[in-house]
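Letter by letter, the sequence shown follows residues 1 to 31 of my numbering.
Mixed in with the good hints there might be a few duds.
Claimed, not checked - Simulated restraints on C-beta separations:
hint	residue 1	residue 2	range
1	S29	A2	30 to 36 angstroms
2	N7	E30	31 to 37 angstroms
3	E8	L28	26 to 32 angstroms
4	E30	A2	39 to 45 angstroms
5	N7	N27	27 to 33 angstroms
6	S5	N27	40 to 46 angstroms
7	A2	R31	41 to 47 angstroms
8	K9	E30	27 to 33 angstroms
9	E8	S29	30 to 36 angstroms
10	H26	E4	30 to 36 angstroms
11	R31	E4	29 to 35 angstroms
12	R31	G3	27 to 33 angstroms
FYI, nobody ran anything at the bench for these hints, they're computed from the structure. Note that beta-carbon positions come from the ideal geometry of N, C-alpha and C, so glycine has one too.
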Amino acid sequence: DAGESVNEKEAKRLATKRRNRAAEIHNLSER
1 DAGESVNEKE
11 AKRLATKRRN
21 RAAEIHNLSE
31 R
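Kindly generate the complete structure, drawing on both the sequences and the hints.
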């Protein structure tokens with residue numbers, strides 16, 4: 001299903017964003 005693949009892509013994009021944000025916060029707290 002096309003809608004499903006779009007949702008999957010969006011979910012992956014959000015997960016990457018969240019992981020990047022977490023890494024950013026981690027790096028800031030380490031300084």
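A quick look at each hint next to the structure:
1. S29 with A2: 30 to 36 angstroms: 41 angstroms, violated
2. N7 with E30: 31 to 37 angstroms: 34 angstroms, holds
3. E8 with L28: 26 to 32 angstroms: Taking Cβ atoms as reference, E8 and L28 lie about 31 angstroms apart, which means the hint holds.
4. E30 with A2: 39 to 45 angstroms: Cβ of E30 to Cβ of A2: about 42 angstroms, so the range 39 to 45 angstroms holds.
5. N7 with N27: 27 to 33 angstroms: 30 angstroms, holds
6. S5 with N27: 40 to 46 angstroms: 33 angstroms, violated
7. A2 with R31: 41 to 47 angstroms: 44 angstroms, holds
8. K9 with E30: 27 to 33 angstroms: Between K9 and E30, where Cβ atoms are some 32 angstroms apart, the hint holds.
9. E8 with S29: 30 to 36 angstroms: The hinted range 30 to 36 angstroms holds for E8 and S29, with Cβ atoms some 32 angstroms apart.
10. H26 with E4: 30 to 36 angstroms: 32 angstroms, holds
11. R31 with E4: 29 to 35 angstroms: 41 angstroms, violated
12. R31 with G3: 27 to 33 angstroms: With a Cβ separation near 43 angstroms, R31 and G3 fall outside 27 to 33 angstroms, so the hint is violated.
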